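Novice: The primary structure of each chain is shown beneath.
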Amino acid sequence: MLGETAVVGIGETDFYRAGQAPLSEFQLACVAVKRAAEDAGIPLEDIDGYVAYSDRQDPVRLSAALGTKRTTFTAQCWGGGGNGTAHAVSIAAAAVEAGYARHVVAFRSLAQGQFGRFGRARGPLRVTGARAYTSPYGLVTPAQECAMQTRRFMHEYGVSQEALAEISLASYEHAQRNPRAVRYGQPLTREQYHDSRWIVEPFHLFDCCQESDGSAAVVITTAERAADLPSTPAYIKAAAQGMGQRAGATAFTEPEFPTAHYKIVGEELWARSGVGPADIDVAQVYENFTGPVLIGLAEMGFAPPDGIEEFVSDGNIRWPDGGLPMNTSGGNLAEAYIHGFELVTEAVRQIRGESTSQVEDAELSLVISGPGYCPGSSVLFSKDRG
Amino acid sequence: MSRFLPEAWMLPIVDDLNREFFTSGKLLLQQCVDCQTVQHPPEEVCHQCQGMEFVHVESAGRGAVYSFAVMHYPVHAELQSAVPYAVVLVQLDDHPSVRIVGNCLDVPPDEVEIDMPVQVTWETLADAETGEQLRMPQWQAIRR
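Chains Z and X supply the protein sequences, listed in that same order. According to the numbering used here, the first sequence is numbered sequentially starting from 1. According to the numbering used here, the second sequence is numbered sequentially starting from 1.
This is chain Z alone, in the form it adopts within the complex:
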């Protein structure tokens, strides 16, 4: 891959608290894709591929609504949820590199207000399959699943509540510089974090992502075509998806529990890119909840698990002075929860020099998709090709 493809356009809707979007989920998708094409300088009708993850917007309906002349590639990533953000980009990049399409959109549209909130039990009070072994005992939602995993990780590696707080405080601090953020103008102190109610121990309210409505999209094409387009390309230096043996064993029986499913992703990403964690200038790490972020960072090799608390402390993940500024738009916690795709657009902005918390001379901009659900995925953008 190594710079053969690039993101050349990004598009977003306004972001809303769940239930407050004035448009339908499908309309939101259309707006984001249209804006991404405009940003890329590509006529909307010339978009010829659609890739998403966990999405409800069928490309058959979408391409009709958007006037697509020739659709030659559609795909959606398997497994989980927000763990697919980077992989959607990766599939799109593979398609344009293979020549299956010329300008592929990767996107996610989510209106939790219209389709049910992720943080609540939905559907009938009878359950089948793997959830039959967990839900009847009152363990239902992603927050509760990630709490189970995070509690064990904290126990094994001596990680304290302060490490979780650092993830939340960084996101809220960065959101105060970002007028797009739902939590703009709502700063968070360490005291407010600790005083906030428990959702599920060890997660306070501010350890949990928002529930939002909105849409985000990117346009991916080859590096050759990118050279003729107006925007600064964010080259795709490398991407990886992965999960270990029996990672998909259900009900917390995977052999490596507690894992975020990022060991293989990290190994592959660093091997394919030829760089390592110490080379990364800025990172967007999907925070459904703060705990899995710590596990994901450790598995990607930023610090050993028993050193991860030290890594995220003392301002190291905060803009502008930290060693690895993280979630510079405010992320899922404080910008908006567009199932993590707003972290992909932010990673591109960092390469373009357009973030509201811009890392100076950012050359390598990393996305770590949803840790805790498998398969994990990651994409590394670079300012320079190759």
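No wet-lab data here; the hints were simulated from the structure. Quantities reported herein were computed from a predicted structural model and do not represent experimental measurements. Just to be clear, a hint being listed does not mean it is correct.
[Claimed, not checked] Partner residues are not named here, just some residues of chain Z that face chain X (Cβ under 8 Å, in silico):
hint, residue
1, 130
2, 138
3, 200
[Said to hold, decoys possible] Residues from chain X that face chain Z, not an exhaustive set, calculated with beta carbons under 8 Å:
hint, residue
4, 5
5, 9
6, 11
7, 64
8, 66
9, 67
10, 72
11, 103
12, 105
13, 107
[As the list claims (entries may be wrong)] Simulated coverage check for chain Z against chain X, where a stretch passes if three residues somewhere in it have a Cβ under 8 Å from a Cβ of chain X:
hint, region
14, 12-20
15, 115-121
16, 253-267
Where a beta carbon is used, it is the ideal one built from N, C-alpha and C, also for glycine.
Place chain X on chain Z using the hints.
Specialist: Frame of chain Z; chain X shown alone:
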């Protein structure tokens, strides 16, 4: 015994894969006929050798809390009266690769700890909709 969580809360739908686990009143685990691997939850295919014939092996039902979560926010109206409650993940002594989710019936949520020894106990429930009699494995502390 009444149910740990509210009576109207979610129940498993009994099927061919989970019938022994949820109705026998014994901690019956799926074992592959070909390679003898024990796996939980039961699956259609053995993760070790891809065998598709299974028998059941009974666990002694002792273990320790491997992890837990304490629920404060009720994710459904039926759980409003139940919070706060703990959900435990129990690692079995006789099958350490097996972990089972449940509730610790006799320990308050703020006293649940990792490594706490527990033993299986049972909730007998009737699914009024299906007429199915359920025997749901649960846990209680082993007092030393």
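Novice: Looking back at the hints listed earlier, which ones does the structure fail to meet?
Specialist: 7, 12, 13, 14
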